[in-house]
Each structure stands twice: as C-alpha cells, then as structure tokens.
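Chains A, B and C, in that order, are what the protein sequence lines are. Numbering of the first sequence is given in this note's numbering, commencing with residue 1 and proceeding in unit increments. Numbering of the second sequence is given in this note's numbering, commencing with residue 1 and proceeding in unit increments. Numbering of the third sequence is given in this note's numbering, commencing with residue 1 and proceeding in unit increments.
Since the hints were derived computationally from the structure, they do not count as laboratory data. Please note: incorrect hints may appear among the correct ones.
[To be verified] Derived pair list, reagent style DSBU-like, types lysine-lysine, alpha-carbon separation capped at 35 Å: (1) C:93 x C:520; (2) C:40 x A:211; (3) A:92 x B:537.
[Unchecked claim] Residues from chain A that face chain B, not an exhaustive set, calculated with beta carbons under 8 Å: (4) 62; (5) 89; (6) 135; (7) 137; (8) 184; (9) 222.
Quick reminder that beta carbons are idealized off the backbone N, C-alpha and C, glycines included.
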Amino acid sequence: MSGVATETAVTIRVDDQEVAVPEGATILDACNAAGVDTPTICYGPTLTPVNVCRVCVVELDGSRALVPSCSRPAEEGMVVHTDSERVRHSRKMVLEFLATGVDLAQAEEMGQWAEHYGADPDRYVPGGETMNEPVRVQDNLYIRDYDKCVLCYRCVEACGDDAQHTYAISVAGRGFGARISTEFDVTLPDSACVYCGNCVAVCPTNALQFKTEFDLRQAADWRPEDQTVTQTVCSYCGVGCNLELHVQDNQIVKCTSPDDHDVTQGNLCIKGRFGWNYV
Amino acid sequence: MADLHFGDDQPTNSERTAVDAVVPEIDAATVTETERLVRGGRSRRQGLRHLLLPVLHSLQHEIGWISPGGLNCAAERLGVPPAEAYGVATFYELLRTTDPGHKEDVVHVCVDPTCAIAGNGELRASLEASGARVHASPCLGQCERAPAVFVQGVSRPDRVPADDDEDFRLPQAGDTGLRVLRRTGVVDPTSLDSYRQHGGYQALAQAIDMGPDAVIAAVSESGLSGRGGAAFPTGIKWRAVADEPGPDKHVVANCDESEPGTFKDRIVCEHDPFAVIESMTIAGLATGSPHGWIYIRGEYPRATARLEGAIAQARSAGLLGDDVAGSGQRFDIELRRGAGAYICGEETALFNSIEGFRGEPRNKPPFPTTHGLFSQPTAINNPETLINVLDIVTDGPEAYRSVGTERSPGTRLFCLSGRVAVPGLYEVPFGTPLGNLIEMAGGPVGSLAAVLLGGAAGVFVGPDALDMPLSLEDTREAGATLGSGVVTVFDDTVDMQAVVVRIAEFFRDESCGQCVPCRVGTKRQHEVLVELQSSGKALSPRRSELIDDMALAMVDASICGLGHTAASAVRSALALGLIGNSS
Amino acid sequence: MFGAGGGTSSYQEIEETDVILLWGSNAREAHPIFFHHLLKGLDNGARMFCVDPRYTSSARFADVWVGIDVGTDIALANGIGREIIHAGLADQKFIDRSTQGFEAYAASVEPFTPDAVAAICGIPPEAVVEMAHAYATADKAQILWTLGITEHHNAVDNVLSLCNLSLLTGHVGRWGSGLVPLRGQNNVQGGGDMGAIPNKFPGFASVDDPDHRARFEAVYGRSLNPVPGWHLTLMFEAMERGDLRALYVIGENPADSEADVIHARAQLESLEILVVQDILMTRTAEMADVVLPASVAWAESNGTVTSSERRVQRVRPAVSPPGQARHDIDILCDMAEAMGAELGPRDPQDAWDELRGLSAMHGGMAWERLEAAGGLQWPCPDEDHPGSPLLHGWLWADDLEGHDPAPFSVLQHEGPTEELSNEFPLRLTTGRALDSYNTGVQSGNYDSPLRFAGLDLNPADAAALGIADGDLVRVCSPRGSVEMNARLVSSLPAGLAFTTLHQPELIDVNVLTNPDWDPKSGTAEFKAAAVRVELIEAPETAGASVG
C-alpha cells in the first residue's frame, strides 16, 4: 500500500496557493489540502486510483496533456491549475459524455458538477447508443442496474485487489461495449460472488443498489432526508467491524461501514452487510 | 489470490488437451501433492498469469471459440478468476466467447481504407458466396497487397493466402545502399548461416567487445529515435534501463503494428528475422536485461513462424541463452502473439497483454524504463528501430548520421499503399520529399486528392504537401506526423466521406474503453460523422463545434495515444475540405 | 503473565508479517474482514501455511495446505518444535532470557520425529520439516487459530502447544510476530474482560484472591462469594446431579448449541425453573418458564464490545426496541432490585466508569476517547496511554520488566476421545460457513444466496456407501442420528465428513457431537465425533440447498 506519510513534505502550487503535503501524496491530496474542491468519479479513498474517469484532471505546467490529480504524485515545485479553460473543458466533456449514455438520475454529486461545468448532453446526435442494459435482480440482497454504470472500475477494485480478493466481476468487452460482468454474464448466485456488498458500497451512481433501497425506491418510499445513520459494532464474529446503520421509520434500510476506520476500511462481509434483518 | 469459483461447465477432452499444451497439470497454480498436501499461493499464481493469453489462443485454435468449460479449465490451471479470464478473452478480436456454431476456419477480410479502395467489398461477396465464414476485420497489415485476407484456422494453422503468391515482391530488394532493408529479399530468412553470410552477428560480436556503455553511447550519438510514432531517443531509453539496478529487466520488441496502412515490421520480421533477434540481443546485453520478449500481431503467421525459427536456431548456436556468444551474459527471448487489438501496440497496453491482463494502457508516469513489463525496468522498441542499431554498432554513429537530416538522422521505412502504382515498403533517407517518395512507388494512380500520413492516427495532407520533406522536424512544423511511416494515397475517385467514417469507426472499435474521453468520445465522433454522411449536407457550425470540443477533450484528457490521436485524421479531413461540404 | 487474556497482535501486524501459520481456522469465512488484513500480508509477500483437516476456502489462499487428521494438532506442533530444535533454529538467547522449562519441553517433543508425526497426523513428513523451517527462519511470523484448536477435549493443551512454538523462536511480543486467537463472537473477548467467566472479576481479577476480591467489595459495598462458579459444562453436570435447579440464561441458546444436545435438552427440561432473556424466541426460550424480551445490544442499546485485537469499541442504538423488549442492564437491575439488591449504575456510561475504576487495563479508556478514536486496545491504564497494539513486549526486555519467564508446556498427543470403530467409521467435524453464524438465530433471518445445509463427504467414501451428490442420508453417532443431504466434495480427505451447525431447525447437528470437554476451558469436543452415514433415498424428493 502506498501513501505512507513520512516526515518529508513536498510543496506544490495549486492555483495561487502554496501547499505542503507529505511525500507520496497526490495532486488531489494537495488540492484537498488547499481547499480546492475537485470532482471525482472513479477515485475512492479506500481504493487504488485507476484514473479512468478523467474528471479530476488538472493542468500541470510542463505537461502536454492534462494529468489525473487522483493518481499523479505531487512533486516538489509542481505548478497546477485546477480551473483553467482546458481543465473546465475536459471536466465538462467527461460529465457530458457520461450523461449521453448513462442514467445519472441517482448520481447526485455528478449532477451538481455537470451543472457547475455547464455540461449539455442534449447537443449530441439524437438516438445515440446508450448502455441499454436490463436491471439484473438475481437475489434478494442487491441489484445491478448497468444503465447507471459509468465503468469507473470501483466495484471491480473492491471485489478484487483492493479489498475482497474474490474477483467475481471484471470489465468485459471493449470500447463503448465494455461492461462490468461475471464470466459469460452468469448470474451472481452462479458466480464467485460472496455477497460482501463491498462493490455496492463504492458505487458512485447507484448502479449497484441494496435490494432494500431498490424496493423502497420502486415504491417511491426511499427518503434519505428522513434517515438517520448510527455507527455501531457488528453483532457477529469477534473482528469488531464498525457498521453504519441507516434507519428510516425505525427500520434498518441499509448498512455501510466507515471508510476511515482502520479495521474495515469501508468493507464488510455478507453477515455484517445483510445480516441485520432480525433486529 | 482469489476465491476461485467455477461453474459446472467442464472442458471437453480436446479443450483439456489445448490447455495442457500450454500449461501441463504439473505446473498448475494449485497442485495436489497428496490428498493431505496442496501447494498453491500467490507466487505460483503470479508466475503463471502471463500464460493466460497463450492458453486462450490455444483454446480458440482448438475449437474455434472459448467455451465456458474451456475457460474454466484454463482459469483453474492458471489460478486466474474466471471473470478476469473472461474479461481478457472478450478484449480481443481474434478470440470468440460465443459459440460460432461451426468449426470452420474464419476468413478475416480487411475493411480499412486501402482495402476498401482495392475492392474488398467484391472480395467479401465472392468469399461469402463460396460459403466461407467471413469476418470483417480492421487492417491486417497487408496493405501492399490489398484487399487483405487472413484465415484464422480451427485445428489447422492460421494462414495468409497472399503469402503463397510470389508475385508480391519487395520493390527495393537487392539495393545494397539500403540500411534496414539491405538483407530483405536477399537473405534466406530461415537460415542462420545465410544471415551470417550476409554479415549477420558481426554487430553482436562487436557490441560484446565494446561493452554496454560504449554501445549505448554509440546509439545515443547516432541520434536514433523510435520508429513507432513517438520518436523517443533510443539511447536515452536504453541508458535509463541500464541504470536501473537488479537483474529483472526486460527488452521487448513491439511487433504489434496495427496502425491502418502499416506493414513494415511484418516485412522485416518475415524477411530478416535474425536481424530482429540480433539487435534485441544487443539491446539486452547493453541494458543488462536477461529477458527478451517479442510481441507480434496475431494476424502475422509467417512472421511469427520465422521469428520462432530464428530464435530456435540462435539458441542452438549459443547466440541466445545463459551465455550469449561467449559474453558470459544471459539473454533469451519468448515470443507472444497478440489476438487482435490495435491498442496493444501501445507499450503499456502491450505489457498488460503479455502479463495476462486486459490490454488497457497504464497511466504514465511511471514510464516503462522504470515500471515496464511486470512493473520492472523495460526497454521497448519496434523492429525497425532495433535493426538500425546493427549499423550503428558496426559502422559507428558518424557514418550513421551521414544520411538523413541533422535532427532526423538515418533512414526511414515507409509503407506505401492506396492509389499508387507500386505499393510496398520503401526505405529512404529522412528528409526525402513526400512527392519523391510517391514517385519512387511509380507515382499516384489517377488524380491525387489526398495523402494520409501516419495512418488512422495521422493526418491528411493535400497535393500541396508533396514538397514536404519527410523528417520529424518538417512534418511537426507542418502539423503532420510520420507516425509509423504510413503513406496512403487517395485519388479523386475515392469516397473520402466513407474513408473518414471508417477511420472514426476504427477508433470506436479499437478504444479499449477504459477512459471516458476516448470510450465515449470515439463513439460520439463516429455518430456525428455518420449523421453527416447520411445527411448529405454541409457540416453545421453546431456540429463543427461539437467535433472540436470532443477532439480537445480526447487530446487533453485521454490516458493514451489512441485517444490523443483519435480525432486528428477527422479534423484534418475537415480542414482540407475532404469532407464536410454539401455533396 | 504469558498465556492468558487475549491475542498478542493487532490486525495491522499481519499485513507486515513474513510467515503465517493459520491453524484450525477458516478465517476467510468465519472472520472475513480480518482475512482482508491477512490478504494484504499475502500481497506484501508473506507465505502462508494452513493447517486444517479440510481444504477450506482459507486454505485455498495458502502456499501450503497441510491436512492433518482431526485432533492431532499437538503431535504436529510438537513435531515442528522438535525439528526447530534439531535444525538449530531455536532462538536460544530468547529461550534463555525469557522462558522457563525448555529442557523438559525439548525432551518431551523428542519422540515426535517427522515420520512419527506423519504417521499420527496423516501428512507427508516433509510438511513438518518445511513448516518448521519456514516458521523458525522467518523474520516475523504469526500463528493464528480459531475453534479448530479450541473445540476439543484438550483445547487448552492445543493452544499451549502453539505457544511453545512462539517461545522456541521468539515469535511473540514483537511487531509482526505473535499469537492470534480469532474470537468467534463479537464480544466474547469483552465478556471475559468483564468477568463473565466463573473464576474472574472484571480485568481478570481472581475471585479466589482475597486482595483482588477486596477491591471489588470496597466499590460494590458488600462481601463477594470467594468460590469460583461453574462454567456452562459444569452447570449441565450439576443439573444432572440435581444440584442446579434454576437457570437464568441471557443471550445463549444451549438447547441448540450444546454438544450431545438431546442430553442437554433433557437437563434443561429437568430444571425447576428456566428463565431466558433473549432478543428472539430461541429453542431455549421456547423451553423457558419465563421469557424476558431484551433489546438488541448492538443496534438498540448503548455500551461497549471488545474485539479479537482487544479493541474496546462503542455500540449505539440505531432503532428503538420493539414491544416490551428492554435493555439487558435494566432487566438485570430491576431483577436485582426485586430481590432486594442494588446493582449500581444502570446508565451505560456510568457503569463503564465504575468498571474503569476497578479494571486497571481499562483505566484510561474514557468514554469520550472511545467515541473519538474508533476504539482503544487494552491495556490502556491511563488517559494519556495510546492503548496497546501488541502484548508481551516485556519478553524482549533484559529484565523482563519484573515478569516471570514464560513457561514452556509439556504436552502429550491424545487424539479425539471418540475413536473410530466399525460401527462409526467416519470422523465428523463441524464448523462455520461464511453467510451464517452459530445456531442461526440471527443469521437465519436474511435471504442468503449462499446458504447450504448438509453433509460434505469425500466422493470415494460416498461411492462406497452408494451415496450420490444430493442424496438424503442419515448420520448416526453413538448419541443419536440426524438426516441431511449429502454433498460430494472432492477436496475433503477420505474418512472425514463435515457439516455446519447453523440451521438446527433443519439439521440438528449437535445431536451427534461429542460432549467430552476440556476441564481447563469447559469447551466440548465439537470438532470430533465418530459417525456412520447411511443412504436414505434418491435426491428427487430432497432439496439439497435451502434459501
């Protein structure tokens, strides 16, 4: 694992501010330290950056193309522009591109950024190809709605290298036809899936949804504004995983785990994630 | 390291045999030594992953597709999760993951511009009429003998029908003034003795005498730069790898040229394979890298066979192996076949492909010289670049710089195709004007309308550019590129609208899909061009702005060169007025 | 003192260790998030040996899986110890400074040659040598275990046999090296820490030590019973004798979870009064004279639990308890009050502060600190103390910081008490599956696509009995018989059968299990019964999987 903080600091300029960050920190870390808000989609605090969405790009003096801030290590003396014409353009285009083919209705943060950068997905050729995937409901724990998938790879990372090491899913196909898939698109119960739900936890667009949330949304009864979130400890084995219980109308409707707790780092197993029904 | 879960699908005997042929059971990721002792673990699995693509090739070849049972068998043998193996299999054009319903060979017919001009439509129709299983393919790297066909065998060797036709000749064969192509068409490519009779392996002997530092110094002083398109100085690359500590370093020959219109490395590998091996060996010794890899297009069966033959003969002669030519140094070469993916010509995608992952490019930095194949220091060059080293070593850098321009020393290979009298591969000094090069090839056929320089990733230039010297600096100044040396000639009978739509389609199909600007940008760009084509109208300002906006985002924000260049030919065609006017 | 209390290492340490001995633990399924930390260790290059009679999902991640016969752990541990000594790989300096009893130990393991161990354990002799060398020569190494070590009639001896290896090599008390028992329940560590064991007060103070007792008497304001109580197994023996006639069960389900459960149920039936306080209507509750509905501790109440790495963390109420369910602490206090006793504070934070005053190792764990820090690891004696990621660092101090040297234990191999016979020729072992938990009271309520209930059999054993995959079979032990569906598992060694205990309403596994128990821990030998398997009928009429 990278990102080990050391005594050494590097100083870079973010727009008009000098920022010192630990060696190994990324440009995104520096932007955060400078208080510069940066849109991200494929980046997750507990995941290795895959820098595929390109929405976090910044202009780096001396670099011909824009660079992804989430993965580029900050180096002493870098000069970074986060709001130049080129940066705004590429960010707008990424958000616009995604909106032309993906249902982003439940990706609130992306919607806000799209508005911020003035993305206009309606200016493309009418009838252009979209994801066009059926909702996959294959069990009672979580659903996959790939119409909402932006191919950020976060679920693949969480299922694989970065946490679970189950590798039930991968990116399959190529280009615009690429999809997140099990082998031969077999159903989840037939796949290696162990239902930890760690993929659901990292999905930025609600393409992966807990069945409880999906059902409530179908019934038009999903009310985040009426929900409370309480942190507690899982009732099962002795590892001591922290849970965040999302409660609506005195019913648990979803269970997540804090990213910043060093035991779970946002991850749970099937029991912790789904085994709360008896409460 | 993974939970390995396999469905109920079992391999057939022939599928099991196909897997055994690449990875015997005794070398599997998990080995049951006794009922009570099983060996597995991370290092075994890691050590096998790079065999995934060869195993998939083997399955594909055996029954014509990769079935769930076959995939399970391969994945289990290698300890690769089946979902990942499926993700890899679905990445490649030459691998099928749906049952074709037959076991006949698949006839790939090229649909890219040169072959379209040469009548691929008629060829395709006649093949289909004869009952062949025809598959529309991107450029097959045989543009000098368009329309191109490649037959992917099922339980039979792959073949290229044109290879049997001796009418295809090398236009400059026998010209002793050449450098890179001096031996092509002259030497027997299947004989080490013949290669030696034509001066082969003198450079290696001399390089061993000189020692690594002197070799790298000579390469640096020669001004040799990469011939794949990026034109990075070879000496700097080699020096960087040589300076990395440790023995786990690699030399990779990138023979995955897939740029539409490019066929130079195929010809070099087919006709002078020992030169590729010898120059790689020099690179290995100079950079202190014991591991050599050749990654070659899956559509090049003859080049593959000749390289494999050359490797075997060199190994038998002690020119590869634990003690290369008495140097006391180790260097050996493994050959890997691609499976139909333009993107795998991108160096980091190529590394991922060899390693058994999807051929998706990596973000740079870090660069291959420190984090290349298996994340270890790697010098990666294409055959043309490598072969230049032979003369640099034997004749010295000054002699090398005696041709070409000051800033582009040496010669360059150009792949001429399209509406030109004698299509083929030509070697000329850097700085030769474009018009002269076309004249060497017998001049244009018909009335010259445009030339595509650098392939699909390049730019169109008009007849007014014939005076342009073909050097790195002059093309750059003109906003053009030499790319991989593609010169595709179009006359005024060619439907340029169709050519440009096809180029856009090519990028749409070949985008790996990893980054948003390229995955969606190439798709939407194609849609705009199809709309334009079917409308028959002039390009509207709104659409023009959209094309520019998409192009800028692809150039600025894509991960790799594919996205960076996916709009350049389109925009140059618009700028030249080749398309976009009302028809 | 060495050898009691809790795991010596933090989870984070396994990410940095070099050699892992995962012994009698299927952590991939039973402790999945701990296994994430272990996977980081493997990704960082650690080698893992997995000792387990079954080729478990954890074993699939191992460099080497060693499939010993059930209940032969001490023989293997002794054999590894002997090989370490004979190969000159013991850390003599550590042994001399920090341990005692080495000579007796060395003499005791002498008969355990690799060949002798191989014969006892059913494994290749080279495996013993390989593990010994890998463990002893590693810079950092950990031994991890779970119920595969402790659900035996000689559970404590099993644990001590592993502790011996760490003392032999100095793989304890250092970052990355240690002994890690993985706790099966979310607060089994905390329960012990709080004195919910028959001979201890909170903080491992001894009931029968007058000085210890005096501290608690001073705070509680009354005299305390100096006689250690009974653990569960002794209670059942007392019921059988008629010495125990009333039982108050809080959050346990012994009517399903006891070994030889038919016998146990009879004992519960024989009680004059059975009171059960639980969150759900368990089988035990169904037998009770009085049921006291309780709130769900981790989701409806305030308090703390303590994890396997000795980390005390807060639980908080997210929902209100249903109906008449009340917090455990309120029920207990009211019950005490009704009997004329005052139990002290019933506010969780006040109760915690009382505990901090009595248990030195919790002294520094102010409620606010627990809130803020994501938990603290004991010992944490004062509020400036950061908590203790690892235990027994004193082993590496020249003066041992005043501790007695850690003792080696001399241990003999015994094997399971129930030997295989012509009548009961197969070894039945029990365990956990990923999606379920213990008797399934809680975990049985969600719709897991992974759920399976049945008997795993080696295909050769099954074939000899005419059993095909999915067939309904009858499993008989000397104590009773149970019907279930068979599943053929080719990686399961011949002679071994396996089932989980998660769905007693479908498969009453503990009818079969062996109640022989360890006098030192009170744990029964759930891991080793002798059984016979008989075919009942073809699969058409039986569903193999549930849910």
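Hints versus structure:
Among the hinted pairs, residue 93 (chain C) with residue 520 (chain C) is consistent with the structure: their alpha-carbon atoms are about 31 Å apart, no more than 35 Å. The straight-line distance between the Cα atoms of residue 40 (chain C) and residue 211 (chain A) is roughly 30 Å, inside the 35 Å bound, and the hint therefore holds. Under the criterion of a C-alpha separation no larger than 35 Å, the hint pairing residue 92 (chain A) with residue 537 (chain B) is consistent with the structure, at around 29 Å. Here the hint on residue 62 (chain A) is broken, as its CB sits about 12 Å from the closest CB of chain B, past 8 Å.
Below 8 Å, beta-carbon pairs count as interface contacts, and residue 89 (chain A) has one with chain B at about 6 Å; its hint therefore holds. A distance limit of 8 Å between C-beta atoms decides the matter here; for residue 135 (chain A) the minimum to chain B is near 20 Å, and the interface restraint is violated. Nearest Cβ of chain B to the Cβ of residue 137 (chain A): about 20 Å, over the 8 Å cut. The hint is violated. The interface hint given for residue 184 (chain A) is met, as the beta carbon of that residue sits about 5 Å from the closest beta carbon of chain B, less than 8 Å.
For residue 222 (chain A), the interface hint is violated, since its Cβ never comes within 8 Å of a Cβ in chain B; the closest pair sits about 28 Å apart.
In the structure shown, a violation is registered for the earlier hints numbered 4, 6, 7 and 9, in ascending order.
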